[in-house]
Amino acid sequence: MTAPLLHVDNLHTYFYSSGKQAFIRSVDGVAFDIAEGETLGLVGESGSGKSITALSIMGLISEGPGVIRGNIHFKTNGTIQNLLEHLDTYVTVSGQNNRIMQVNKDLVGWEKNVDKIMRDIRGKKIGMIFQNPKSSLNPFQPVGKQIMESILLHTSVTNPEEARERALTWLDRVKIDSPRLRFDNYPYGLSGGMCQRAMIAMALAGEPLLLIADEPTTGLDATIQSKIIDLLAELKSEFGITILLISHDISIISRLSERVAVMYGGTIVEYGPSRDVLARDRSAKHPYTQALLASIPNEENLTENGYLKAIEGDVLDTINIPEGCRFQNRCSRCTDAIREQCMHEEPPLHEIAKGHHIRCWLFES
Amino acid sequence: MRLQKDIIFDAGYLRVNPMPKTILEVIDLKKHFTHRKGIFSGLKEKHQSIPAVDGVSFYLKQNETVGLVGESGCGKTTIGRTILRLTPPTSGKIIFDNKDITHMSHNELLHLRGEMQMIFQDLDAALNPKMRVRDILKEAITVHHELSDTEVSARMQDLLDQVSLKKSKLANFPHELSGGEKRRVGIARVLSVGARLIIADEPTSALDVSIQAQVVNLLKDLQKHLGLSYLFISHDLRVVELISHKVAVMYLGKIVEIGLANRIATKARHPYTTILWSSLVEKQSRESDASRQVKTWGVFDYERPYSGCRFAPRCPVYAANGRPDVCTNPETEPVLRDTGDAHRVACHFPL
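First to last, the sequence lines map onto chains A and B. When we follow numbering that gives the first Met the number 0, the leftmost residue of the first sequence carries the number 0, and every step to the right adds one. When we follow numbering that gives the first Met the number 0, the leftmost residue of the second sequence carries the number 0, and every step to the right adds one.
Don't take each hint at face value.
[What the hints assert, rightly or not] Here are the simulated DSBU-like cross-link-like pairs (lysine-lysine), alpha carbons at most 35 Å apart as the crow flies:
hint, chain 1, residue 1, chain 2, residue 2
1, A, Lys19, B, Lys166
2, A, Lys308, B, Lys60
3, A, Lys308, B, Lys181
4, A, Lys133, B, Lys168
5, B, Lys20, A, Lys308
6, A, Lys308, B, Lys137
7, B, Lys129, A, Lys133
8, A, Lys174, B, Lys266
9, B, Lys219, B, Lys60
10, A, Lys308, B, Lys166
11, B, Lys165, A, Lys19
12, A, Lys133, B, Lys181
13, A, Lys19, B, Lys181
14, A, Lys308, B, Lys266
15, B, Lys29, A, Lys133
16, A, Lys19, B, Lys129
17, A, Lys308, B, Lys165
18, B, Lys168, A, Lys19
19, A, Lys19, B, Lys137
20, A, Lys235, A, Lys144
21, B, Lys181, B, Lys165
22, B, Lys168, A, Lys308
23, A, Lys308, B, Lys223
24, B, Lys219, A, Lys308
Quick caveat, the hints were computed from the structure, so don't treat them as lab data.
All chains should be built: construct the whole structure from the sequences, respecting the hints.
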């Protein structure tokens, strides 16, 4: 078996809230891998740690303490590199009962180390489409120039004329009408959908091995949304690009990805092939995934009197993570037999079928 | 003050009266924004005007929800703001509760403001960040009525119960609340003045599916108990389809189709409506990729010149029919025509 393109293991990214004098445990032990040519969907409510996971992989967390534990193995040119190499030399962690209570991190030294490792990775090997294209593009530069910059920095092309031609082909490839005209447009002159396309062109122009798409369609109209998804599907089949797709919209995830990881409160609660995880009729499912699927507004999910099946309660506050299962206070499937365990012990990820993992005491026999 | 009792009586009245009265009627409403190019060019040429809302008519009955859908930039929010007179209309008529409010003075409007309210799209901007939830609600409760402190706190408790918000949240600032809680505060504020007509502008966008479902259920509940009428503006077709009784589809400042929600979703007659609904990613993922035809409609552009039907440049039916003149002739711009079953469509070649 060949090694996966990206293998994330036991990733912890924390922030410190000085007001509350406590850690915000945004990413708390996330592990997954992506094989070459595969699309992995990362789905979950806002605040579940999806974007922070992506930013941690890119080494873009600048607030302290940030990434404090874990391994990110990335395969480049046949060799496997740990993007969090030497992390232990900068961080000391202490705590009890598997819970980190204190972190000492040499932020300056760590940043230097990250920059050294990531210089050849960011943009070149891992491209990223950011959540808000309008604010992620440079407002003072024409979009074409920005794509050119990405080509000159990350590919073997050094001639500006050639880079310009390439940028134009990329604009054409992401289906921007009349690329020659649009090349000189500033981001404010483009619509939201077009900015998103320019952003995708920019990420792809560096010819990365892995593309991280963070909510690529959020805030766009339904018609534009379906076009962006079509575009990503096309790029996938045409170039065989590997994608980590982050979204809170399950319909988008199910359309594009082969495997899905469902995140809740900083951990992955269910992980497996899309058709198993996102199938409505499967009973072997984490209660959170089940509730999430049931709350999608459509005819099948309506109750008799025309109401939607909402998940009661609020998204988990990652400052006060309860002892035991993170979903316990909103869970409707907790039975008396396992209640004690749910309240006091965090369930492990349990493999219920080949490649299908669930973090719930219900499936722990 | 219009207490909850009276409103509940209204809802009871509706149950015995099968013909609810019309609470809002909009007749040929227009709102044009002028677009100035620069100081000097402004002197030379006439100002270019953007018809954000260009002749819209519809009505809203009591206890009814009308959904307003369309792509961003088609004028949905402008309609909402114009109906409440937050921006003055260019022409047309707005009739609220049998009173023409199109040219009403601000002093007169002040009395009606309590009965018609808006839930704003961006609650981070609509809730004062320096006020606690308690003060935000108190201000809203006392703005139209003089009440003693005990009455205010009783009313506040009522409101919290209605929107199921925890009492402990009263001491919080808006930034300490989650997205769903912020929505609840926004809704409580609207209810506190005794609103009967609520214009909900994208009340569920930017919320997670689970929280979105909570808010939709809350709005439905409130409608049932208080007899509210909603104009529900959203670009999320799935939510609109479920919450609305009637749906109006807008394109470039005009309503192109209006009818009962399930008919719009399943038996639409206007090509734009069918395209809009078929672009739902959820629907597409159920169809196999092979059977899904590739749709190549152009981009929505406000400043693109058009004549006749506004949708013609993007319309597949227009192209399939050999680009007939009737679609692009300004003399024969399609108007809303009744096609039976309370369904009206503005198209020369309805499907």
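| request: For the pair supplied as a hint, Lys129 (chain B) and Lys133 (chain A), confirm whether the alpha-carbon distance does not exceed 35 Å. | output: Holds, at roughly 28 Å.
| If you draw a straight line from the CA of Lys19 (chain A) to the CA of Lys181 (chain B), is it 35 Å or shorter? | 21 Å, holds
| message | So if I understand the rule, the pair passes when the alpha-carbon distance is 35 Å or less; does Lys181 (chain B) with Lys165 (chain B) pass? | response | 12 Å, holds
| query | Quick one, are Lys29 (chain B) and Lys133 (chain A) close enough, alpha carbons at most 35 Å? | reply | 30 Å, holds
| message | With the threshold set at 35 Å, check whether the alpha-carbon distance from Lys19 (chain A) to Lys129 (chain B) stays at or below it. | response | Status holds; Cα separation ~19 Å.
| said: Run the distance test for Lys235 (chain A) versus Lys144 (chain A): straight-line Cα separation, threshold 35 Å. | reply: 25 Å, holds
| field | Pair hint outcome, Lys219 (chain B) versus Lys308 (chain A) [Cα-Cα no greater than 35 Å] | value | Roughly 13 Å between the alpha carbons, so the hint for Lys219 (chain B) and Lys308 (chain A) holds.
| message | For Lys308 (chain A) and Lys223 (chain B), compute the direct alpha-carbon distance and say whether it is at most 35 Å. | response | This hinted pair holds, its Cα atoms lying about 18 Å apart.
| request: Decide if the proposed pair is consistent with the structure: Lys20 (chain B) and Lys308 (chain A), CA atoms, cutoff 35 Å inclusive. | output: Between Lys20 (chain B) and Lys308 (chain A) the Cα gap is close to 32 Å, so the pair holds against 35 Å.
| message | Hinted pair, alpha-carbon criterion (35 Å max): Lys308 (chain A), Lys137 (chain B). Please report holds or violated. | response | With Cα atoms ~32 Å apart, Lys308 (chain A) and Lys137 (chain B) stay inside 35 Å; holds.
| query | Does the alpha-carbon distance linking Lys133 (chain A) and Lys181 (chain B) stay inside the 35 Å limit? | reply | Status holds; Cα separation ~25 Å.
| Does the alpha-carbon distance linking Lys168 (chain B) and Lys19 (chain A) stay inside the 35 Å limit? | 16 Å, holds
Every hint, counting from the list given before, is met by this structure.
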